[in-house]
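For chain A, the structure is supplied; the task is to place chain B on it using the hints.
One letter stands for each residue in the lines below.
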Amino acid sequence: MRNIWIICRKELGSYFVSPVAYILLTMFGLIFGYFFWNALAAFLVESIQMQMRGQSFPMNLNEWIIRPLLANVSVVNLFFVPLITMRLFAEEKRNGTIELLATSPIRDGEIIFGKWLAALLLYVCLLLFTAANFAFLFRYGNPDWKPLLVGYLGLLLQAGALLAIGTFISTTTKNQIIAGAVTFGVCLLLFVFGWVSGYDTSTWAQVLSYLSIATHSESFYRGVIDSKDAIYYVTVIFLGLFFTARSMESLRWRS
Amino acid sequence: MIKVKDLTKRYARTIAVDHISFEVDKGQIVGFLGPNGAGKTTTMRILTCFLPPSSGTATVAGFDVLEQPMEVKKRIGYLPETPPLYLEMETGDYLRFVGKLKGLSGADLDKRIDYVTGRCSVADVKNKLLGKLSKGYRQRVGLAQAIIHNPDVLVLDEPTAGLDPKQINETRDLIKDLAGDHTIILSTHILPEVEQTCEQVIIINKGKLVATDSVRNLQARARGAESVVLEVAGRKAAVEPSMVQRKLEQISGVSRVVCKQQLDGRAQFEVESQKGFIRGDLARAVVDSGWDLNELRPSAMSLEEVFLQLTGSELKPIEAEPVKEPV
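Residue numbers (our numbering), protein chains in the order written: chain A, 1 to 255; chain B, 256 to 582.
Chain A extracted, bound-state conformation (with noise of 0.2 Å):
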């Protein structure tokens, strides 16, 4: 436990030290509040529309701003989550400060579970400051905040299994800019496999669009845990960082 904090300390400061994390702090945040903005110009166009049109009905903020916004965002971990996470071992591989870590008294698992840790820190950092955002929607409206947190949950969960799974490609190469570019390219593919249920209904098309890690974050913007998708992404997780383990193993038998 103590081995873990140690290495996810160190990783976060690698983070922060650098212009890294906070390059990514701005992006995120410019892009998030672009998708803010535009989902809040639209949601006041349609209900003035609507009054026009004489229908009072009541717009809901959840409904129209904060789901659709979530979706949008959910896109936008497909291009950051590479960036965050493609020279977590790439790096240590390239200047061979890994030989330090393999043979320091501590487990392959540590320094994994350590690594991943800081990148979904540094993630949390992004969401957290997207916060802003929505301090306005409660000052001038009455959204409802348990099925934000829920979606909240959802991009985290995301973001963590995207993570695993960019942490794994990390180590197959001491490249840095291919470890990015598979691990987008990876992470998009995954994203995109649930376009086969639109127009297939075969097996084939049923598991590769419950592969798909797009189609489980659906019930979280909603507002409903669902377990049947939170297992999907913990599974995603775990697997992602065991593949991770036995890649550093093969390091050492291969090298």
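The reader is advised that the hints may include incorrect statements.
[What the hints assert, rightly or not] Label-pair ranges, simulated between beta-carbon atoms:
hint: 1; chain 1: A; residue 1: 153; chain 2: B; residue 2: 421; range: 58 to 68 Å
hint: 2; chain 1: A; residue 1: 9; chain 2: B; residue 2: 281; range: 27 to 37 Å
hint: 3; chain 1: A; residue 1: 5; chain 2: B; residue 2: 274; range: 34 to 44 Å
hint: 4; chain 1: B; residue 1: 428; chain 2: A; residue 2: 252; range: 32 to 42 Å
hint: 5; chain 1: A; residue 1: 121; chain 2: B; residue 2: 447; range: 49 to 59 Å
hint: 6; chain 1: A; residue 1: 107; chain 2: B; residue 2: 347; range: 22 to 32 Å
hint: 7; chain 1: A; residue 1: 29; chain 2: B; residue 2: 258; range: 56 to 66 Å
hint: 8; chain 1: B; residue 1: 261; chain 2: A; residue 2: 189; range: 40 to 50 Å
If you're looking for bench data, these hints aren't it; they were derived computationally from the structure.
Glycine is no exception: its CB is placed at the ideal position from the N, C-alpha and C atoms.
Then chain B, alone, in the frame of chain A:
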């Protein structure tokens, strides 16, 4: 302290280390000598539990590298060929991080950081980014991280590679200085380094153990019988080498006299004997014959010659180390 038995490491196509056995006693400095690609780094990586051996055993302080790697890692300090530094960290923070990794904490850790920064003379760069340090400083920070947990065994992979002569001397002195507290095993392909720093040498070539002995014994072994170099000059006229040679050959115990060179009335000879110590007899014979004795010294073979003799090869990279291509 270190016991290695029949250690073998096979890669896909090559055998990097081929049935090597040796032992290192507590407190010794051992030089691991061999041309590039001989298997030095691989052996060290096995000792530090970075790589598992293909077969054979290696134990450090009684713990097997495969069975109890955690115990081995606690007792070993390792400086790889390039110091494993996080260039975006400050020296002090880096040493703190490594100290924690090795299991230190609290006041203990503070004390050790103070100690190692003093010992390796890096205290003045404690608040500097590692990326901004010169090569010599980086090497010393690398040494500092290796000894931070006061390990029983220090494994140093080419600790002086790439340093300038002054830094090389400083690093060697530091290593010699550390020998009292730690058992040190250092690899190098520079022979004088072994002669200067080590008590014990392990010579490997192409993955195979060629010799393991003390530096002095190795030199003696290669030399065989005693041999002496002496330079003779005439008092008034130039010496006649053949006369000197005849005179020297008459001395009992002398088995061979070779005139090596001759200039300005001086002549240099190499004299071999089977009897042992004959330098006194040689000196008297020369002086009694009315010549001047300009020089008389034992012709100790340098380790370099020993090495060449033992490996039976030229001292150039035999197999280039596999170049690590960026993937």
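Tested hints:
1. At about 60 Å, the beta-carbon gap between residue 153/A and residue 421/B stays in the expected band of 58 to 68 Å.
2. As the Cβ distance of residue 9/A to residue 281/B is approximately 36 Å, the hint placing it in 27 to 37 Å holds.
3. Roughly 43 Å separates the CB atoms of residue 5/A and residue 274/B, a value that falls within the hinted 34 to 44 Å.
4. Against the hinted window of 32 to 42 Å, the Cβ-Cβ separation of residue 428/B and residue 252/A comes to about 35 Å, which satisfies the hint.
5. Judged by the Cβ atoms, the range 49 to 59 Å given for residue 121/A and residue 447/B holds: they are separated by roughly 51 Å.
6. Checked against the hint of 22 to 32 Å, the C-beta distance between residue 107/A and residue 347/B comes to roughly 26 Å, which is consistent with it.
7. Hint check: residue 29/A to residue 258/B, Cβ distance near 59 Å, so the stated range 56 to 66 Å holds.
8. A hinted range of 40 to 50 Å for the beta carbons of residue 261/B and residue 189/A is consistent with their spacing of about 48 Å.
In summary, this structure violates none of the numbered hints.
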